[in-house]
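Participant: Sequence:
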Amino acid sequence: MARPPKALLSRRGIAEEALRLVEEEGMEALTTRRLAKRLGVEGPSLYNHIANRDDLLDEMTSVIDEDVDPSLLEHEDWREGIAAFARCYRRCFSVRPELVAVIASRPVRHVTALTAYDAAFAVFAGWGWDARKAATVMAAIDYLVLGSAIETFKGGFDRKPAEYAGEYPHLARALDGTTDDDVDDLGFELGLRALIGSLEEDQRS
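Going by our numbering, the sequence shown opens with residue 1419, and the numbers climb by one from there.
Quick caveat, the hints were computed from the structure, so don't treat them as lab data. Any given hint could be a false lead.
What the hints assert, rightly or not - Now the in silico label distances, taken between C-beta atoms and shown as ranges: (1) R1451 x V1513: 35 to 41 angstroms; (2) V1529 x V1459: 24 to 30 angstroms; (3) K1455 x K1551: 45 to 51 angstroms; (4) E1569 x R1591: 18 to 24 angstroms.
Every residue gets a Cβ at the ideal spot worked out from N, C-alpha and C, and that includes glycine.
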């Protein structure tokens, strides 16, 4: 029997299916057996393309990172550039909070992420920022973006606001004053404005 004209599996295809698996069933479902079954192959076939779980996580991260656009930083107004980049970065990662919690604790190793960081630092250098300031600002962006992607504020409370009122009246009022679809965005935007405001202060001093 002739071989198929192209490989049935690829690193990219495996990573994309792994992302779908995590989105549908959670990180606990990310096993070689489950992933292979979804791809219609035997488990050992995956290892012709993916060395191990760490390698798979790197490739999954790369798929997400491809949508993070560091060129957004190249705006004539550096404030607008940082805001656009941070919002894009958050959009790409916030849809996968369970995976982000794992990614955030791992080293940055894939060429896609390393290239994106390098491009961002090149823009910072063009703004005249020294290496320490550039690294500090990128760390702040990482904390703001990944932190907001991992955890939602209102999602951390699993009861209706009224159920907290007896023992925690101030918390109940705060929760009652938010909606599921705005408080996390507002909190992120507040943090982003604070970051940009702090950088403006540095520029003036």
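Participant: So, for every hint listed, does it hold in this structure?
Facilitator: Here is what the structure says about each hint:
1. A hinted range of 35 to 41 angstroms for the beta carbons of R1451 and V1513 is inconsistent with their spacing of about 25 angstroms.
2. Distance hint check: the CB atoms of V1529 and V1459 are about 26 angstroms apart, consistent with the given range 24 to 30 angstroms.
3. For K1455 and K1551, the Cβ-Cβ distance of about 49 angstroms falls inside the hinted range of 45 to 51 angstroms, so the restraint holds.
4. Between E1569 and R1591 the Cβ separation comes to about 21 angstroms, which falls inside the hinted range of 18 to 24 angstroms.
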